[in-house]
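Colleague: So the chains spell out like this:
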Amino acid sequence: MLDFFMGHYAYWFTLILLAIGLYGMLLKKNLVKKTIGLSIFQAAVILFFVSVAMKKGATVPVKAKGIPVSEVSNYLNALPHTLMLTAIVVGVATLGVALALIITIYNRYETLNEEELLDKIQ
Amino acid sequence: MIGSEIPALIPITYILFAILIPVIGLWKRKVTWHLALLGSGIATALSAYGLIYLLQTGETIRYFFGGWSPPIGIEFVYDGLAAFIVLVINAIAFLVLIHSKKISQNEFPGKLTGYFAVAMLMMLGFNGMVLTGDLFNLYVFLEISSLSSYALIAIGEKRAPYAAFRYLIIGTVGGSLYLLGVGFLYTVTGTLNIIDMSAMLPQVIGHSSVIAAIILMVIGIGVKAALFPLHGWLPDSYTYASSTSSAIIAPIGTKVAAYILFRVVLFLFGVELIDAALPVTTVIGIFAGIGILYGSIMAIAQSELKKMLAYSSVSQIGYIIMGLSLANPFGFIGAILHVLNHALMKALLFLVSGSMRLKEGHSLITKFDDSYRKKYPWTMAAFTTAAISMVGLPPLAGFFSKWYLALGTIENSSWLLLAVILISSLLNAVYFFRILEKVYLRNPEAEQASEIESPAVQKNEVGFSMMMPMGVMALGLLIVGIFNAYIVDIIVTMFPAGF
Numbered sequence: 007m008l009d010f011f012m013g014h015y016a017y018w019f020t021l022i023l024l025a026i027g028l029y030g031m032l033l034k035k036n037l038v039k040k041t042i043g044l045s046i047f048q049a050a051v052i053l054f055f056v057s058v059a060m061k062k063g064a065t066v067p068v069k070a071k072g073i074p075v076s077e078v079s080n081y082l083n084a085l086p087h088t089l090m091l092t093a094i095v096v097g098v099a100t101l102g103v104a105l106a107l108i109i110t111i112y113n114r115y116e117t118l119n120e121e122e123l124l125d126k127i128q
Numbered sequence: 345m346i347g348s349e350i351p352a353l354i355p356i357t358y359i360l361f362a363i364l365i366p367v368i369g370l371w372k373r374k375v376t377w378h379l380a381l382l383g384s385g386i387a388t389a390l391s392a393y394g395l396i397y398l399l400q401t402g403e404t405i406r407y408f409f410g411g412w413s414p415p416i417g418i419e420f421v422y423d424g425l426a427a428f429i430v431l432v433i434n435a436i437a438f439l440v441l442i443h444s445k446k447i448s449q450n451e452f453p454g455k456l457t458g459y460f461a462v463a464m465l466m467m468l469g470f471n472g473m474v475l476t477g478d479l480f481n482l483y484v485f486l487e488i489s490s491l492s493s494y495a496l497i498a499i500g501e502k503r504a505p506y507a508a509f510r511y512l513i514i515g516t517v518g519g520s521l522y523l524l525g526v527g528f529l530y531t532v533t534g535t536l537n538i539i540d541m542s543a544m545l546p547q548v549i550g551h552s553s554v555i556a557a558i559i560l561m562v563i564g565i566g567v568k569a570a571l572f573p574l575h576g577w578l579p580d581s582y583t584y585a586s587s588t589s590s591a592i593i594a595p596i597g598t599k600v601a602a603y604i605l606f607r608v609v610l611f612l613f614g615v616e617l618i619d620a621a622l623p624v625t626t627v628i629g630i631f632a633g634i635g636i637l638y639g640s641i642m643a644i645a646q647s648e649l650k651k652m653l654a655y656s657s658v659s660q661i662g663y664i665i666m667g668l669s670l671a672n673p674f675g676f677i678g679a680i681l682h683v684l685n686h687a688l689m690k691a692l693l694f695l696v697s698g699s700m701r702l703k704e705g706h707s708l709i710t711k712f713d714d715s716y717r718k719k720y721p722w723t724m725a726a727f728t729t730a731a732i733s734m735v736g737l738p739p740l741a742g743f744f745s746k747w748y749l750a751l752g753t754i755e756n757s758s759w760l761l762l763a764v765i766l767i768s769s770l771l772n773a774v775y776f777f778r779i780l781e782k783v784y785l786r787n788p789e790a791e792q793a794s795e796i797e798s799p800a801v802q803k804n805e806v807g808f809s810m811m812m813p814m815g816v817m818a819l820g821l822l823i824v825g826i827f828n829a830y831i832v833d834i835i836v837t838m839f840p841a842g843f
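From first to last, the protein sequence lines are chains A and B. Here the first sequence is numbered in our numbering, starting from 7 and rising by one per residue. Here the second sequence is numbered in our numbering, starting from 345 and rising by one per residue.
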């Protein structure tokens, strides 16, 4: 049982991060905190990809002396990391749009609390 | 001549104009609308040419970016289904952009340059999503189109930014869940290319990662497609967005997401394979059925035209996804035909509501009365066409997609879904004829009041640039309805393997 938890600790970590992110988005009233939850959620997905590509005792995918290319397990798979560079850029763009919307909302309603906001909108 | 480069040329046209519009907009602000029109016009012409080319040669075009063939490189797959959807979304965007000239100057003056540049970016995202043959590339295009649509929705009424923020939160969760699903599939198969992966999946279908991936991807795409329990973002976003934004996002955005669901369920996994792992088609069939009824009932409860149309969209997306869940040829024909029909109908209805907002300053159903038929005879005629088609009376287009869906339910003996189609048609009739009755039938009380006051009702029709796209769509509904057999002949060539 303990082995099951310890052996998959990266996945448990991802799962906990996803849960924290969802909690922040759904239950926090402040829009900025919601956005922070959003960032944590995206970071969890990114960390999942990074941990999937992790390999013990392997090196970067650059051909080196003494490490035969024929032995694939000597090299890391660089693709998930590369994909995550794009995903990080997407995350930053999302964060930017979210903050821009928050600024607009604050200028119009002078509050970022969701309940007050809904009262003012009605 | 340029046949084999078609799949790359369409997105490149949009990205070119997305860059050109702000640059030229700095120098001359008035030409941005013309540029946007030119951009989507070129893309429409290219996709029309592409579809004809494809029908003549009959071969799927696979375009490798940078000459790197998959699985190393990224490819665009231009098959019959992709060509058809690309033509539909580009043509609708072109017509809506023609209509947007006056509305854009009225609803968001001073933001024209940014608006049209972002609209081009959004179309880039949608076209890329349809064309790409790579699951991660699809995620990137999904986020491009989503980020642009958040921006387009935020331009609108006072409440629009908050609606857009909510959509952003929900939409990003959907996108992230999809990405997580792709990650699970990648760890098992080691490829991201759809064609490669579909060849490998039969060997690993029982793996728990694959099952998790199916759930995550279906939920993630379901959010974007506004499948019933995940539709929460849709009504507010469509209602408070600017008329042009909702007219361009409502017919296109959810359709493209539904198309991605088709790609994943029918082309990547295949119905038999995915149902062997999980009863996916049954589950989404049930949710689609509930969504159809829920959307129709909520639409009846609305007193605002745009909000009513938004809820009606939830219901109509249900039809398309129900066609997928039937997983037989009739269901597939009905769903793809409904993508075209609903894109035309919903765009037309949103354009009418936009015209009403421009002329009357509101689109409240309660304020509609029989003076409208004198003031706006042609707009109301177009509205009537779309409404009747929505209800599903022959010979208008809406009838035929429902007909094929009904045939599909009969073939599967899913009588409950057949009942859902029939009941929802009646519900559609309730909420559309309510408006038609106000506009066309004589109201005795109003008649008496008008004898006392008798306000001079003058013809106050919208201008040609707004009337033309509405007329084209209304005629399109009639033509698609009458010549649906030819379109079905084309759709029959698009069946996924195993049908």
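A portion of the hints provided could be inaccurate.
What the hints assert, rightly or not - The calculated label-pair distances, taken between Cβ atoms and stated as ranges, are:
id: 1; chain 1: B; residue 1: V367; chain 2: A; residue 2: F11; range: 53 to 61 Å
id: 2; chain 1: B; residue 1: L399; chain 2: A; residue 2: Y17; range: 31 to 39 Å
id: 3; chain 1: A; residue 1: L8; chain 2: B; residue 2: G402; range: 55 to 63 Å
id: 4; chain 1: A; residue 1: F11; chain 2: B; residue 2: L399; range: 29 to 37 Å
Said to hold, decoys possible - Listed next, the in silico SDA-like pairs over lysine to any residue satisfying Cα-Cα at most 20 Å (straight line):
id: 5; chain 1: A; residue 1: K39; chain 2: B; residue 2: I513
id: 6; chain 1: B; residue 1: K502; chain 2: A; residue 2: E121
id: 7; chain 1: B; residue 1: K502; chain 2: A; residue 2: I109
id: 8; chain 1: B; residue 1: K455; chain 2: A; residue 2: N113
id: 9; chain 1: B; residue 1: K502; chain 2: A; residue 2: T110
id: 10; chain 1: B; residue 1: K502; chain 2: A; residue 2: K34
id: 11; chain 1: B; residue 1: K374; chain 2: B; residue 2: A725
id: 12; chain 1: A; residue 1: K62; chain 2: B; residue 2: T531
id: 13; chain 1: B; residue 1: K502; chain 2: A; residue 2: T117
id: 14; chain 1: B; residue 1: K455; chain 2: A; residue 2: K61
id: 15; chain 1: B; residue 1: K455; chain 2: A; residue 2: V103
id: 16; chain 1: A; residue 1: K35; chain 2: B; residue 2: T531
id: 17; chain 1: A; residue 1: K126; chain 2: B; residue 2: D580
id: 18; chain 1: A; residue 1: K39; chain 2: B; residue 2: R510
id: 19; chain 1: B; residue 1: K502; chain 2: A; residue 2: E120
id: 20; chain 1: A; residue 1: K35; chain 2: B; residue 2: R503
id: 21; chain 1: A; residue 1: K39; chain 2: B; residue 2: I514
id: 22; chain 1: B; residue 1: K502; chain 2: A; residue 2: I127
id: 23; chain 1: A; residue 1: K34; chain 2: B; residue 2: R510
id: 24; chain 1: A; residue 1: K61; chain 2: B; residue 2: T531
id: 25; chain 1: B; residue 1: K502; chain 2: A; residue 2: K62
id: 26; chain 1: B; residue 1: K455; chain 2: A; residue 2: I108
id: 27; chain 1: A; residue 1: K39; chain 2: A; residue 2: A49
id: 28; chain 1: A; residue 1: K126; chain 2: B; residue 2: K455
id: 29; chain 1: A; residue 1: K35; chain 2: B; residue 2: G576
id: 30; chain 1: B; residue 1: K455; chain 2: A; residue 2: T110
FYI, nobody ran anything at the bench for these hints, they're computed from the structure. Every value quoted in this text rests on a predicted model; they were computed, and no experiment measured them. Where a beta carbon is used, it is the ideal one built from N, C-alpha and C, also for glycine.
Colleague: Work down the list of hints and note, for each, if the structure agrees.
Modeller: Hints, verified against the model:
In this structure the hint that V367 of chain B and F11 of chain A lie 53 to 61 Å apart at CB holds, the actual value being about 56 Å. A beta carbon spacing of about 48 Å between L399 of chain B and Y17 of chain A contradicts the range 31 to 39 Å that was offered as a hint. Separated by about 60 Å at the C-beta atoms, L8 of chain A and G402 of chain B satisfy the suggested range of 55 to 63 Å. Checked against the hint of 29 to 37 Å, the pair F11 of chain A and L399 of chain B fails, with Cβ atoms roughly 57 Å apart.
Only pairs whose Cα atoms come within 20 Å are accepted, and K39 of chain A paired with I513 of chain B is accepted, the gap being roughly 12 Å. Simply put, K502 of chain B and E121 of chain A have alpha-carbon atoms about 17 Å apart, close enough for the 20 Å limit, and the pair holds. At most 20 Å may separate the alpha-carbon atoms for a hinted pair to count; K502 of chain B and I109 of chain A meet this at roughly 14 Å. Between K455 of chain B and N113 of chain A the alpha-carbon distance is near 18 Å, which keeps this suggested pair within the 20 Å criterion.
Of the supplied pair hints, the one linking K502 of chain B and T110 of chain A holds, its CA atoms being roughly 10 Å apart against a limit of 20 Å. Between K502 of chain B and K34 of chain A the CA atoms are separated by roughly 23 Å; this puts the pair beyond 20 Å, and the hint is violated. Distance hint between K374 of chain B and A725 of chain B is unfulfilled; the C-alpha atoms sit about 32 Å from each other, more than 20 Å. In summary, the hint linking K62 of chain A to T531 of chain B is supported, as the alpha carbons are separated by about 16 Å, within the 20 Å threshold.
Distance check on the hinted pair: K502 of chain B and T117 of chain A sit about 14 Å apart at the alpha-carbon level, within 20 Å; holds. Between the alpha carbons of K455 of chain B and K61 of chain A the distance comes to roughly 50 Å, so the proposed pair goes past 20 Å and is violated. For a cut-off of 20 Å, the pair hint linking K455 of chain B to V103 of chain A stands: about 17 Å separates their Cα positions. Distance hint between K35 of chain A and T531 of chain B is unfulfilled; the C-alpha atoms sit about 37 Å from each other, more than 20 Å.
Restraint check for K126 of chain A and D580 of chain B: satisfied, since their Cα atoms lie roughly 16 Å apart, inside the 20 Å limit. Of the supplied pair hints, the one linking K39 of chain A and R510 of chain B holds, its CA atoms being roughly 13 Å apart against a limit of 20 Å. Of the pairs offered as hints, the one joining K502 of chain B and E120 of chain A holds, with about 16 Å between alpha carbons and a cut-off of 20 Å not exceeded. Distance check on the hinted pair: K35 of chain A and R503 of chain B sit about 18 Å apart at the alpha-carbon level, within 20 Å; holds.
With a CA separation close to 15 Å, the supplied pair K39 of chain A and I514 of chain B stays within the 20 Å bound. Annotation: proposed proximity of K502 of chain B to I127 of chain A holds, straight-line Cα distance about 9 Å (limit 20 Å). Distance hint between K34 of chain A and R510 of chain B is fulfilled; the C-alpha atoms sit about 13 Å from each other, no more than 20 Å. Using a Cα cut-off of 20 Å, the hinted pair K61 of chain A and T531 of chain B holds, with the two alpha carbons roughly 13 Å apart.
Taking the CA atoms of K502 of chain B and K62 of chain A, the gap is about 54 Å. The hint is violated against a cut of 20 Å. Under the criterion of a C-alpha separation no larger than 20 Å, the hint pairing K455 of chain B with I108 of chain A is consistent with the structure, at around 19 Å. With a C-alpha separation of about 15 Å, the suggested pair K39 of chain A and A49 of chain A falls inside the 20 Å cut-off, and the hint holds. With a C-alpha separation of about 26 Å, the suggested pairing of K126 of chain A with K455 of chain B is violated against the 20 Å cut-off.
With a C-alpha separation of about 18 Å, the suggested pairing of K35 of chain A with G576 of chain B holds against the 20 Å cut-off. Note on K455 of chain B and T110 of chain A: the hinted pairing holds, with a Cα-Cα distance of about 15 Å set against a maximum of 20 Å.
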